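With chain G held as given, fit chain F with the ligands onto it using these hints.
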Amino acid sequence: MGALTLSAVTKSFGTVDVIKGVDLEVQDGEFCVFVGPSGCGKSTLLRMIAGLEDVTAGDVRIDGVRVNLTPPAQREIAMVFQSYALYPHLSVRDNMGLALKQAGVARPEVGAAVARASAMLSLDPLLERRPAELSGGQRQRVAIGRAIVRRPKLFLFDEPLSNLDAALRVHTRIEIARLHRELNATMIYVTHDQVEAMTLADRIVVLNAGRIAQVGAPMELYNDPANTFVAGFIGSPQMNFLKAGALGRRGETLGIRPEHLQISREAGQIGGTISHVEHLGGETNVYVHTEVHGLLTVRLFGEHRFAVAETVWLTPEAGRSFLFDAAGERLRG
Amino acid sequence: MAKARQSLPRTAAAHAILIAYTVIALFPVFVVLINSLKSRRAIFAHPLALPGPGTFDLIGFQTVLNQGDFLLYFWNSLVVTVVSLAFVLLFGAMAAFAVSEYRFRGNLLLGLYLALGIMIPIRLGTVAILQMMVAAHLVNTLLALILVYTAQGLPLAVFILSEFMKTVSADLKNAGRIDGLSEYRIFFRLVLPLVRPAMATVAVFSMIPIWNDLWFPLILAPAEATKTITLGAQVFLGQFVTNWNAVLASLSLAILPVLVLYVLFSRQLIRGITAGAVK
Ligand SMILES: Nc1ncnc2c1ncn2[C@@H]1O[C@H](COP(=O)(O)OP(=O)(O)O)[C@@H](O)[C@H]1O
Ligand SMILES: [Mg+2]
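Each protein sequence line maps, in turn, to chains G and F.
Be aware that the first sequence starts at 16, since it is given in my numbering, and climbs by one per residue.
Be aware that the second sequence starts at 48, since it is given in my numbering, and climbs by one per residue.
Honestly, the hints are just simulated from the structure, not real lab data.
Being a predicted model, the structure only gives us computed values, none of them experimental.
Beta carbons are placed, not taken as given, at the ideal position from N, Cα and C, and that holds for glycine.
Incorrect hints may appear among the rest.
[Said to hold, decoys possible] Result set (SDA-like, lysine to any residue): computed pairs, CA atoms no more than 20 Å apart in a straight line:
#, chain 1, residue 1, chain 2, residue 2
1, G, Lys116, F, Ser229
2, F, Lys213, G, Lys168
3, G, Lys116, F, Arg236
4, G, Lys168, G, Gly79
5, G, Lys168, F, Arg224
[Stated by the list, open to error] Some chain G residues well away from chain F (every beta-carbon gap over 12 Å; in silico):
#, residue
6, Gln42
7, Glu274
8, Ser290
Excised from the complex, chain G in its bound form (with noise of 0.2 Å):
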């Protein structure tokens, strides 16, 4: 029996359908992340498992135990929002401990699981200050603080990073996967940005439009998409789409990663200008404008120089290609 376990669950706000059935199973121990565009569900999904909003149908199960009516609090999990959420009139440690306070743990067990968690993140410093004397990073660490205070069955977090700018969320990513192998916990992640799912997952949850998409490992994803949206959304810049039978392939089309698409001076199966370069030192994205397949990126490791408007030719590398029907779903064999 996983930790977590999901059988059809759906959710619909009046007429909107916004889950529209997912089943999963979550092991014990496992980091799990939920990743899709904005609006897809995930959220939503989060807070049903949490139980801050009922499901409509289907069950939710923690540790083997169907939780559908049971309350939040007494779900044995934490939660860690994007916007903190700390309670304004409490201090860090109030903040910390008020979990364990309201459960009705005795002070002296509630002062040392605080201290516990505290020197985990390295908190002790601000444990008497307020919310509002904190920076954003220190807010997020406390609010995880928080969280491992209770030492939930479940810690679910619903974008944690997004309110952190670029350095500070790179060095809390790396603080939660530590926490992970410290705690050995179940955690479910919720994000939109397909490099800290890829980065922190064992494994990932693709959703698209409330249903999922596909589930696996972040390599299984990459190298083995089901459909074109996962094909499209794991990966950074974005794989190319071309019409496959244009190159005589069969299916509709034809997925080809930007490190995979071979650009040449000389020859090649795909002609096209120049329309853009990027010069990001470890790498060069060459943008090329294509009659047939439109705008195409290639990918190249270290420095290259190309003009805007130089005409090139594209070659996709052979076997590292995907093949999808008309239905967007991926052709085998």
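Frame of chain G, contents of chain F with the ligands only:
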């Protein structure tokens, strides 16, 4: 502090307009105050003159304070205003929380129904209210006034507060729910402090009409023991003779308590939303 973008003439013009408005608004109050300190003859001879050595007279205040019941009228007004305000704020905030926080069938309709009173003056129902109060044996009690004023203040309170409560972070409330706080704790400890400026606005808007009202005290509680200050001041306004000293003195005194309440609430108004709950 002047911002670099604002030009001096523009700032001067804005201040001139505001000062002019302040002068116009305060002028009647000023006239009442200076005349309350003058003799009757001086009031009529030079209504705009400041009280001087020849014209200074406290006869108005003496009349008012010697009119034994005046302190009682004051007390009645204060009780009615403060208790009604407390009810308006408490029940208004609770209703606003329910309407803005919970999704249920008829939520929108209920919100509209609660706000309907903004457009329909409660005085239209005076006859029915009087009949109800008679039936409930509440005529000539302060409770009658408190109930009516609470009903009168609720629509605006619900309307303003529910808009404000929608802006309180849903994450904060949800964090409270996950940590095991009851809905009451979430309402009183998390939401109310964050909408304090809106509460102060509602308090100021509701307070003045209650304090100044003459209609309902006259109809529902005209007895000596339950008279409010506005009603009490009427004894000096006769059909043939009016004791202007006493009227002006009682009006001056009546300004004080509202002023104190206003200062209390406006500090909240200015203080602004407690920072740091969310980003
Ligand atoms: N309380 C609500 N009432 C109506 N629609 C909602 C509500 N909450 C979310 N939705 C809708 O559900 C969809 C998914 O929302 P959400 O789960 O927040 O998306 P995500 O977190 O993936 O960006 C959105 O289209 C949103 O408009
Ligand atoms: Mg979301």
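Which earlier hints turn out false for this structure, listed by number in ascending order?
2
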